[in-house]
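Going down the list, the protein sequences come from chains A and B. Just so you know, my numbering puts 855 at position 30 of the first sequence, and the rest follows in order with no gaps. Just so you know, my numbering puts 903 at position 486 of the second sequence, and the rest follows in order with no gaps.
The set of hints was computed from the structure by calculation and includes no laboratory data. As the structure is a prediction and not an experimental result, all values here were calculated from the model. Be a bit skeptical, because a hint or two may be false.
[Unchecked claim] Okay, the calculated bits of chain B under chain A, using three or more residues with CB under 8 Å as the criterion: (1) 838-851; (2) 1043-1049; (3) 1351-1360.
[Said to hold, decoys possible] Covered, in the sense of this in silico footprint (three residues per stretch, anywhere, with C-beta under 8 Å from a C-beta of chain B), are these stretches of chain A: (4) 931-944; (5) 954-964; (6) 969-976; (7) 997-1010.
All C-beta atoms, glycine included, are put in the ideal place defined by N, C-alpha and C.
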Amino acid sequence: MSQIFHPSANSIARIILTITAVLVATSGYLVYELGRSPYVTRAYQTRQQPIQFSHERHVGGNGLDCRYCHTSVESSAVAGIPPTKVCMNCHSQILVTASYLEPVRASFRTDQSLQWVKVHDLPDFVYFNHSIHVNKGVGCTTCHGRVDQMQLMWTVNTLQMEWCLDCHRNPEKYVRPRAAVFRMDYQPPADQLALGRRLVAEYQILKLTSCSTCHR
Amino acid sequence: MSQHHDHDHSPPLDTARAALSNVEGRQAAPTGGRPEYWRSLEELADTEEFQVWLHREFPEQASEFTDPVGRRQFLRLMGASLALAGVTACTRQPAETIVPFARTPEQLVPGKSLMFATAITLGGIATGVLVESHEGRPTKIEGNPEHPASLGATDLFTQAAILSLYDPDRSQTLSSRGDIRTWSAFLGSLRGALESVRGAGGAGLRILTETCTSPTLGRQLQAFLAEFPAARWHQYEPAGRDEVRAGGRLAFGSAVETRYVVDKARVIVSLDADLLGSMPGSVRYTRDFSRVRRVRGGQADMSRLYVVESAPTNTGAKADHRLALTPSAIAACARTLAAIVGVPGVARVALSAESEAFVDAVARDLAANKGASLVVAGDEQPAAVHALAHAINLALGNAGQTIVYSDSIEINPIDQQASLRELVADIEAGTVSALLIVGGNPVYNAPADLRFGEALQRVGFSAHLSLYEDESSAACLWHIPEAHTLEAWSDARAWDGTTTIMQPLISPLYGGKSAHDLLAGLSASPGRSGYDQVRDTWKAYATQAGIADFEAFWRQSVHDGQVAGTALPPKPVTLGDVGKAIGALASPGAGLELVFRTDPTVYDGRFANSGWLQELPKPFSKITWDNTIQLSPATAASLGIANEDVVDVTSGTRTVRGPAWVMPGQADGVVTVYLGYGRTHAGRVGNRIGYNAYQLRRSGGAWTAAGAALARTGARFKIASTQLHHDMAGRALIRSASLEEYRKHPDFVKAEEPEPPRTLTLYADHEYKGYAWGMAIDINACTGCNACVVACQSENNVPVVGKEQVAKGREMHWLRVDTYYKGHPEANPEAYHQLVMCQHCENAPCEVVCPVGATVHSDEGLNDMVYNRCVGTRYCSNNCPYKVRRFNFLLYQDWDTPTFKMQRNPDVSVRSRGVMEKCTYCVQRISRAKIDSEKEDRKVRDGEIVTACEQVCPAQAIVFGNINDPESRVSKLRAESLSYSLLGELNTRPRTVYLAALKNTNGELRQEDAGSKK
């Protein structure tokens, strides 16, 4: 009786099995990477805003401090998007006729809010608090990147939980002296870990990884 | 329904009697596994039905998929949700916008809430509150710690006021006979009606308000009456205090305000007074009462409370000795008590042997505590009982000690029933041409014999200002939407006269008008705003009081939530001849005595459209979404009536039909009916539920009626009561002793169920380096008032599920008040309330069974619930011995109604369908306090974190804090000899501990004697 399968069937079976394994692994890897990719997280992507506000001009160029506009960053959960009034502090004197600032003037005239598109958008079940991070020596650029070099705003991190936890588990990798929190050009020293450990002790930074730290 | 129902649901009383024959008093050992404490007659009878019910976690959900169609539907849904689960991992978040202010208002910091002082009124009487506002949205009401009527606490109605603000069923348009009209059109019509009678001095003009304590509204009304001297001002409050006022007139010749200094009284006698529940000042009284009843550090000293009442109240449950009597027998007891303490002209009347012994013992106790005792008559008691209580207090030298008399806090304290009667008579005589109804709902809640709704049709010009387009609006020519208390300027007095200037938290959501706006429409300056009106009043006050800087005074008063020094001063009183004034005791005659009471959760019906209050389990019965006709077990047995039987109550010529409820602790021969239900124009929540007890009410007999009859109809009606849900039968869950026993055995609680050693677990111990949060609940202080349940609902965005779901055991309240009885069901059993929420166990049974790690232990010992991880297996709930976990079987939250979005606490996730939830110890408040303290480089102070339930508690029964700090209040309470863990024998080691209840019994009146009555 002849063989049912030709000897080459072995090879074919091996190839198919290998290809299947590779496909499964590759698709798993792709899903893993896709979930973190800028396509999903929208990192490095700018958004169309009502006014093409440039942080590069205002922070890098004019040297405004973050807190001039984001007034509640040291006291509240949210840093605060400035009210139109803050824009008009300067723009009632500077570029008063610029056409691209008309939405600002219109907002101030009519008392209708400007509607900005959210760039750093955490899920609604996450309760992030700016003030405590700023007070514990987490610099603005640590999460937001070099805002002074961004014309339109984008995110430089995934804002995913693993990214939060990286710092919550190892704060010494990222903390900086409180005096340098709002500095854009701060460069971590070569011995960041040594500095970090000292600051963690000094600022009594806790490694908060309980779920209820952020979710409630 | 047919007759065959007659016997298959006979009251479980016979079995209950047998069950209890071995259990007499707490020292007797429970035999045959019978509980010493019990929760319901069903449990006591221990029927097979009850056992089946009990052993199913959520009694109805298990059978959901037994039918094949349901199963297929389930699989289809599961398939869809699995597919979605795979896809959602890669979805991008939708774009959201940030909307900053164009100009930021003063003080506002985005992300931080602000508190504003104002007041919430009930029956015209104010409670000072602080309202939390998130970016201009009021979200939570808390008591004002500086206000004398609140001291930081509130009652349940005040908590629920926030929901009524956002109620989408509130009236949103000014209308006339169904046509939408403008405010100016209304004003034009009003002015027309006004001018037509100006020549006659306003004859035919009538204004009907509720009880009024507002100085500004009073000033406006008086100005109106000065301009139109022939016009009349009527007042009517369905749960009014006519009897209180009449009692004052009988005793002293004028209406007086009576204020009790509960913490100075060693002996308190309540004559059907819900002192700790629903009286004006109850929140303050509860605070004072619990303070002098607190037993700490072996300091075993308590005041003593005697209660005589006809239906069980929370005050009765706190009584050291309680007697359940008919209203007529209560009046007889009051007379006898007065006779014994020596009130001239009052003679003893015949009492039952039990009452006689009770009254004699009470009288001796009172006589031994002259000047430090207190006799309180309930608001619903007849004037004669009030007069007797005044006379007894004066005879005992209590005036000026435990009782303070002052002028009335009302602008015009009149007999309101008479006032309404007069109005109706005038309408029928054709002398009323225009009627303005300012608040209230008289068409629904006027005594039925007045036929107010029919009379109203004869008035040419009628207008009704109210929050809802209700029964009265429908009967009036004009309806004006009213601004909510939190939307308008006003002022009101608290029970002691302290006046609050009420500031709005938000501009009217639906363009409502306040009473001040309406009254301004009658004046020469109809456009004058409520703000200006209120300021005018206080400008005049400041000038009179010699205050130079009005602006500073105004700012300070508004900020503080009270005008300093406005509490009414004590007033000397002279007692008249009470014996002569009250006359002879009327005989109740044959038949049952009918008693009217405001509903414990919807009050007089004004809260009928509040889902929170409808779903709030009523004290004792734990009934939701309905009112019942309440009977004692013996009365029910003699009439052959069981729970949920539909019965007809007939009083005089009127009959109402409703479901019966057999209530242990109810007086025999008394039928209690609860007002506030049977609404037809309440809104989507409150329409057509329950029966309308106002239909039985007669003017002049507001609270009781003799000679009522009950008849079974044969029909049955399903009641959603939560008393049997989550039962924990047969264990020593509630522990109590008399003060005497406690003195002898201070450690009696520990003896009941020894706790196993801490090492008896397979899991590793947790280590807490920083904080370890814990809670202590004092059962001895808790009155079971339910305010904490509503406060939790408001703080934690807890949804309302509806009657059908409650009946399936799916209520969502994070905390519940369990009621336990002790003693014979027919003989005045003792009742205890126990608050149960997540106990945050060290060895939490829920944590180890969750397959997805959605409930985990935090490093501060919180039992965290992570909604975004939960997949809804419900294993945790199965494994929870306390039954405190709640599952979103359906999408209970209203995600669509815009106003409800505004109402929610932004610091707490709004849970969706398929997610388990439970008490978090208010983790959002813990986080806030921790962040605040960290920013200041310090530890969280003891008392800095106040959970919502702790905050609202009038009795201060709940204490939260850090148990790692031996100096914290909660640590000290845990060390008390009275403290015990619920189900501690399971070695769950809960973070919440309970302090056992104590009764300061009178040796002369041992409960066993009373309990042996058959």
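Hint by hint, which ones does this structure get wrong, listed from lowest number up?
1, 2, 6 and 7
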